[in-house]
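Novice: Can you make the complete structure from the sequences, with help from the hints?
Read top to bottom, the protein sequences are chains B and D. Residues 1 to 456 in my numbering are what the first sequence lists, from first letter to last. Residues 1 to 456 in my numbering are what the second sequence lists, from first letter to last.
Fair warning: there could be bad hints in the mix.
A pair holds if it fits inside one copy or across any two, identical chains being indistinguishable in the list.
Claimed, not checked - Straight line, CA to CA, 20 Å or less: simulated EDC-like cross-link-like pairs of lysine to aspartate or glutamate:
id	residue 1	residue 2
1	263	308
2	263	327
3	296	102
4	343	102
5	343	100
6	40	26
7	263	307
Calculated from the structure, these hints are not laboratory results.
Number of protein chains: 2
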Amino acid sequence: MMNSRAAEELSARLSRPELLVTDFSDYEAYLHDATNDRGKPGALVFAETEGDVAAAVDFCRAHSLALVPRGAGTGLSGGCVPAEGSLVLSTERMRRLTIDRESRTALCGPGVITKELLDKAAEFGLTYPPDPASYDESTLGGNVAENAGGLRCLRFGVTRDYVIGLRGVTVSGERMATGVLSKSKGFNLGDVLIGSEGTLLIITEIAVRLIPTPRVGDTILAAFGDPVDAARTVRDITRSGMVPTVLEYLDGDAAECSNKYEKTEGVERAAAILLVETPAENRQALTAAVRSFCRKNSCSHLRVESDENRVEQLWRIRRNLSNAVKEMATVRVSEDVAVPISKFPVLIDFVAEMNRTSPLRINAFGHAGDGNLHVNFLSMTGEDKDYQIMEQDIARLLKRTVELGGTLSGEHGVGLAKRRYLPLEFDGPTLDGMKRIKFIFDPQNLLNPGKIFPGP
Amino acid sequence: MMNSRAAEELSARLSRPELLVTDFSDYEAYLHDATNDRGKPGALVFAETEGDVAAAVDFCRAHSLALVPRGAGTGLSGGCVPAEGSLVLSTERMRRLTIDRESRTALCGPGVITKELLDKAAEFGLTYPPDPASYDESTLGGNVAENAGGLRCLRFGVTRDYVIGLRGVTVSGERMATGVLSKSKGFNLGDVLIGSEGTLLIITEIAVRLIPTPRVGDTILAAFGDPVDAARTVRDITRSGMVPTVLEYLDGDAAECSNKYEKTEGVERAAAILLVETPAENRQALTAAVRSFCRKNSCSHLRVESDENRVEQLWRIRRNLSNAVKEMATVRVSEDVAVPISKFPVLIDFVAEMNRTSPLRINAFGHAGDGNLHVNFLSMTGEDKDYQIMEQDIARLLKRTVELGGTLSGEHGVGLAKRRYLPLEFDGPTLDGMKRIKFIFDPQNLLNPGKIFPGP
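Specialist: Set out below in C-alpha cells:
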C-alpha cells in the first residue's frame, strides 16, 4: 500500500483529492481483468480529466513508480493486471462523447463504453462496427489498448480500422496528439499506439470514424453432428465469394455450456454450431447458399430467423459463452488463436484431437469467418497437475497455430498470458524493434511493466 | 558517379554483375518521380532477389552511402528522388506473385504492378481495392512505401487496410518479417513500415488481403455551373447515409484540362463535375438519390451510364487528369490536402477564392467523398517569380487545411515536397517520436535520407 506521505502528495495534485484510493477492500475488481491473475497495486487513481492523468504520470515518473492504466477490466490476456506496488490509473470516468454526424466521426473519452457509443451513433443512423463480446462493459480506451475485435469484424474490420486519431500523455508528461485523418504521412505513431496495451502512453481522447448502420438480412443457426462438417460449411461459404456479416463457430462442448446457461432450441446434443448473419443487400442469395451448404454437409438442424426477438435469442447463444464457460469450471484459460481461413478445418481437427487425448476439458468457439478460434482449457478442480497439463496443451496449440501460418492472438492481445510465447511468432529483429520502440517511449519502463515482452 | 573500384566491389556481390548501372544516360527516369525534382545519384542497382537487396544494404552500410529505394517512380511527393551520390535501389524486377484463393490473400514481390495484381486476382473473382490513379504503372512496393490511396478508397480503404504482412531487409542487413495476420499483438511494426517512404527498411515481400470483386451499379456524370453547388451535392450524398463506391470532384479548370486531352460530352464549360459510382447492392436507391440531389443543386448536365465502354470513357475524364494537367503547364506542383467531409464545401470555396486572387492558374480535383482534394498550382512560364507565388499560395492552402482539422497529404506522402510543412500538422512530441523511430531503425541515416523530416 502507498504510504500516507506519498498519498498526500499525489492526492493534492488531482482535480479532487478523493480520486485517490489506497484501500482496495471496496475495489477488489481493480486487482484483475477477466483472467485468473491478481495483482498487488499500491494505490488507484480515478482520472476525471487529462490533468489527473498528467498528475499521475508526473508522480510516477518522480517516484520511479509503475503506472498501470485500465478501462473496464474485461480483457482476456491480463493486460491490466497491476504490477506489484504500482499505481493503477482508471480512465473509466473520462466519458465525454461527441458525434459529428456529417463527417461521420466521434470524439470519445477513453472511459466511453462501447455500447454507449453504439447507442449514441444509432440516433444518427450510424454505427461503430468493432463490437467485442463484452461491448456492454468494455471501454473505448481498453478497446484501443488491446485493438479489440468482435463478431462483426469479419466484414467490417477491427478497432485499428476505425481509429483516426489519438491524444495522450507520454511518460515524460507531454501531451501527444496523432492528427485526425493523419494516416497517410509521417510514421504512423497512432498505429503503434493502437494495441500497445498501455505500455507506451496513456490515452486521453480517441477519434473514430463511424459508418451508416448496415441493414441486416437473416440470422441462421445450423447444428452439425460432426465438427468437421461445420468447418467444411465455413470453407464452402468462404469459397462462394459472398461475405456474411457474422460467421461464428461453436464446438459441441461450448454449445452445451451455453445451453446450460440459457436453453435454446436446436443447440442440444449438437457436435458443432454455426451462427451466420447475412447482410440485407444480398440476403436472398447468401441465405440460400448457406442453406444449401449446410444441407450438403449433413446439417442436423437449421433455423433461419429475421424476427428481432428470435434473432436476439440466437445471439445470446454466443454472447453468453464467455460467462457460461467460466462458470462451468474452477479455472478457465482462454486462448484466441487465428489461422488463414484455408487452414481452419485443420485447426478444428487439431483441437478436437487434443480434446480427445487431454485429461482436461477443452472447448472452442470463435469468429470462424476470420479463422479466429477461442480455445478454452478448463480445470474442474483447480489442482496443480491441471495447471501443468494446461501449460503443455497451450504450448502445443500455439506451436501448431504458428506452423499453420497463424497468430497467437486474433484479438485479445499479449498481456501477461501470451508474453512467453511471443518468440514463437516473431523473429529476433522484429522483437528487438518492438523493444526499442518501448524504450524510446518509456526508457524507465514505468508504463504497464511486464506486459507483452518475454522476460529480459 | 560511383568510382570503378567501388562499382567492382558492389557488382561482385550481386546475383548478376550487370544489375549495377553507373552510367545514367539510358536511365534518366531513375533520377526523379512524377514531381519536378531531379537527383544526382552515384549508381543504380536493379535488385532481382532479396540477396541483391541485402548486398546493396551491406555495401551502403560499409561505405556510409545513402540508399534510395524506388518502385515505378510514379510518386507525387519526391519520395524516391535520389540523394546526392546515393545508390538507387530499384525493386521493380522483384515480381513474384502468388494468390491463395481460399484465404483471399496474395504474396507479392515489391515490383508487382498494381494492375498485374488486379488482373490476376480477377481470375479468381477477387480484387485488391487500393487503386492509385497510376495503377497501371505503380508497384506494390511503392504503394506500401507511400500508403497509396485511390478512387475506390472511399468505400474500401487505403493500402494500409489491406497489407497483412511485410518482409524486408533492415539497414543492419537483418531480415525482418512482420507476421501475416499479426495485426493484433505486440507493437504494430508493420504499420510503422507502411507509409514510411523507404526510410526505415527495404521491403522485399508484401502479403495483402483481397476481397470478392464488388459488383458495380451505375456511373454518373453530373456537371454544375457553380462549384459550390457540386460541393453541396457531395454533402447531400454524404448526409444521406448511403456510400457510393466512388465520388470524385473536378473543378471547371481541371475539367477543361481533361477535356482538351480527350473530349467528353457534357464536360465542356462546366464550372464543376462530379463522377459517382454506385454499388450494385443499392444501385436503384442510390442512383435515384444522386439524381435528385444533383437536380436540387441546379446541375446543368446529368448522365447515368452502365454500358462498359461508356463507363470506361467517363473514368478516363478522371484517370487522364494528372497527365492532362501536367502537359498544360511548364511547372505543375500538386498538393493533396484532405479535410473532414463537413468542411469540404469550405475548402472548395477557399481554393476557388485563391484561384480568383492568385496570378497563377490553380485547379483542383479529388476524392470528394473522402474530403481529399488535389490542388494543382500551374506556372505557364516557369519563371522564378511564379515559384515564389506558388510557395506562398501553397503555404496558405496548407495552413487553412490544418485549421479546418485536415491533413497536409491525403495519400501522396511527405517526401521532399511537404517535409517543411510537417510542423504545421504535428506537435513537437509527435515529430520527436517519429525522429526517434527513424533513429532506432536507421541510426546512420542511410535509408532515403532527407525525406519526411524538416531539416535539423
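Novice: Each hint should be assessed against the structure and marked as holding or not.
Specialist: Status of the hints after comparison with the structure:
1. 263 to 308: within (18 Å within a copy, 53 Å between copies)
2. 263 to 327: within (16 Å within a copy, 71 Å between copies)
3. 296 to 102: between (46 Å within a copy, 19 Å between copies)
4. 343 to 102: Result: close only across copies, 9 Å inter versus 42 Å intra.
5. 343 to 100: between (42 Å within a copy, 11 Å between copies)
6. 40 to 26: within (14 Å within a copy, 69 Å between copies)
7. 263 to 307: Answer is within: at 18 Å inside a copy they meet the 20 Å cutoff, but 54 Å across does not.
Consistency note: the structure conflicts with none of the earlier hints.
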